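Student: These are the residues of each chain, in order.
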Amino acid sequence: MRMRAAIIDYGVGNVGSVSQALLRAGVKPRVTSAAQDIAQADFLVLPGVGEFSTAMKALDGAGLTDVLRMAIRDEEKPVLGICLGMQLFASESEESPGVRGLGLLEGTVRRLPADKGTVPNTGWMDVRATNRSGIDGCYYFSHSYYYDSPPDQVIALSDGQRCFPACLRWKNIIGCQFHPEKSQTSGELFLAWFLTVVRSRHPLP
Amino acid sequence: MALRRIIGTIFTRGPLAVQSIAFKRHLPVGDPVVVAEAYDQWQADEIVLADITATAEGRLVSRDIINRATRHLRTPLTVGGGIQTIAQVEDLLRSGADRVFINTTAREKEQFVHDAAQFFGSQCIVAWIDVLRDASGALRVYDHLTRSTLGTPLEDWMRELEQRGIGEIILHAVHADGQMQGFDLKLAAHASAVAVPVILSGGAGCAQHFQEVFSASQIAGACAGNLFTHSECAITAVKRGVLASTPAIRPLHASAA
Chain S
1 MRMRAAIIDY GVGNVGSVSQ ALLRAGVKPR VTSAAQDIAQ ADFLVLPGVG
51 EFSTAMKALD GAGLTDVLRM AIRDEEKPVL GICLGMQLFA SESEESPGVR
101 GLGLLEGTVR RLPADKGTVP NTGWMDVRAT NRSGIDGCYY FSHSYYYDSP
151 PDQVIALSDG QRCFPACLRW KNIIGCQFHP EKSQTSGELF LAWFLTVVRS
201 RHPLP
Chain P
1 MALRRIIGTI FTRGPLAVQS IAFKRHLPVG DPVVVAEAYD QWQADEIVLA
51 DITATAEGRL VSRDIINRAT RHLRTPLTVG GGIQTIAQVE DLLRSGADRV
101 FINTTAREKE QFVHDAAQFF GSQCIVAWID VLRDASGALR VYDHLTRSTL
151 GTPLEDWMRE LEQRGIGEII LHAVHADGQM QGFDLKLAAH ASAVAVPVIL
201 SGGAGCAQHF QEVFSASQIA GACAGNLFTH SECAITAVKR GVLASTPAIR
251 PLHASAA
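Those protein sequences? They're chains S and P, same order as listed.
1 is the number of the first residue of the first sequence in my numbering; add one for each residue after it.
1 is the number of the first residue of the second sequence in my numbering; add one for each residue after it.
Don't read these hints as lab results, they were simulated from the structure.
Quick caveat: nothing in here was measured; it's all calculated off a predicted structure.
Backbone N, C-alpha and C fix where the C-beta goes; we use that ideal spot for every residue, glycine too.
Where hints are given, some of them may not hold.
If you want the footprint, here are the derived chain P segments under chain S, 3+ residues with CB under 8 Å [what the hints assert, rightly or not]:
hint	stretch
1	40-48
2	69-83
3	112-120
4	129-142
5	188-202
From just these sequences and the hints, can you work out the full model?
Tutor: As structure tokens, this is what we get:
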């Protein structure tokens, strides 16, 4: 049986590319903002492009904030947050002081330091896994903020002078600062790894 | 630092991909979607799709092309041409573009870049600047609608865009466009005027031209259009050539190497 993915559609983010990438990975994706679809999905994907407070307002406006908290924290449904989608797992971001995030992971979202490279950070970077996940590779990044996380949530770091968490994992929650759907073969391998994590947590009949 | 990007440009006129020569002549290439798919397979680091007559004809770059192309793309896509409103930016991003570039509207509406960056994030909003080397050898901002150079010094305009919140600047050398004689290295030197990434376009004719510009300047990436529509696997061939001397680009994945 094919796994069902709910790609959360809240008006920001490039849901089309994520959907196509999952389809190629053998998953049945549904782009949705309906609580019922979220409840029925085997896993969730939270994409996101844009600004922290705009995205949180959009989630609130679609009535999704509590639905997501419940599905991810209480039901422990596997979730992949991509770029800003991962940053929304934090309680707060320097991008939007005073705005509450989903508060699912520890840590704070901070602005990239300008003294060790361009801001925004746009382009491909080597990523090193800090565990045995094997997700090392070269991925596409496009961001001005990064997730400053306690080390026990970090499973991959960006290479180079401006080293920041590239991938986070805590139980059922996985987040990547890069865009796997835009990272050609490396991205496809990353999504395949993510799907094995989902399967190991939720063995299918 | 991110690795230096080798970017495939697709110039379009409405539904058709074209080769552009010095902004004067356009030769038809074919379906832009087919070109985009080839660039993706050849491991371009990014694709820029630019509708070069959209503003003059009062159109927007084709959403249909973006829609059809991104169905199969695994490569970041930046699009532009004829963007005048925030709603159009939203439409293009929803159609599958990852970033948009603004040229004329950035000059005409002072607030536009600021508003777009505020709403979609700076990383999403790119400026395209046409630059022409005039008879005295000076590099000047060029307006393709009136075919004349503008008074604002290039670096002033770059810094102004940066202050308004632009996330990246593409400098396109009109005088080098389609000539395949190499990038304008003097233009590339202006990349250091701003802290945001700067991309250079116009003049690429072989792998060596990329090597030259990467070693001579701070640019974050370099584009080619005509060169990459000339021959099969053109991007992989160029990358292989550049990798021989410049390790700061993304290595080829085994499938194409």
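Student: Give a verdict on every hint.
Tutor: Structure-based check of each hint:
1. 40-48: Coverage by chain S holds for the stretch 40-48 of chain P (4 residues, Cβ < 8 Å).
2. 69-83: holds (count 7)
3. 112-120: holds (count 3)
4. 129-142: Violated, because only 0 residues of the stretch 129-142 of chain P bring their Cβ atoms closer than 8 Å to Cβ atoms of chain S.
5. 188-202: holds (count 3)
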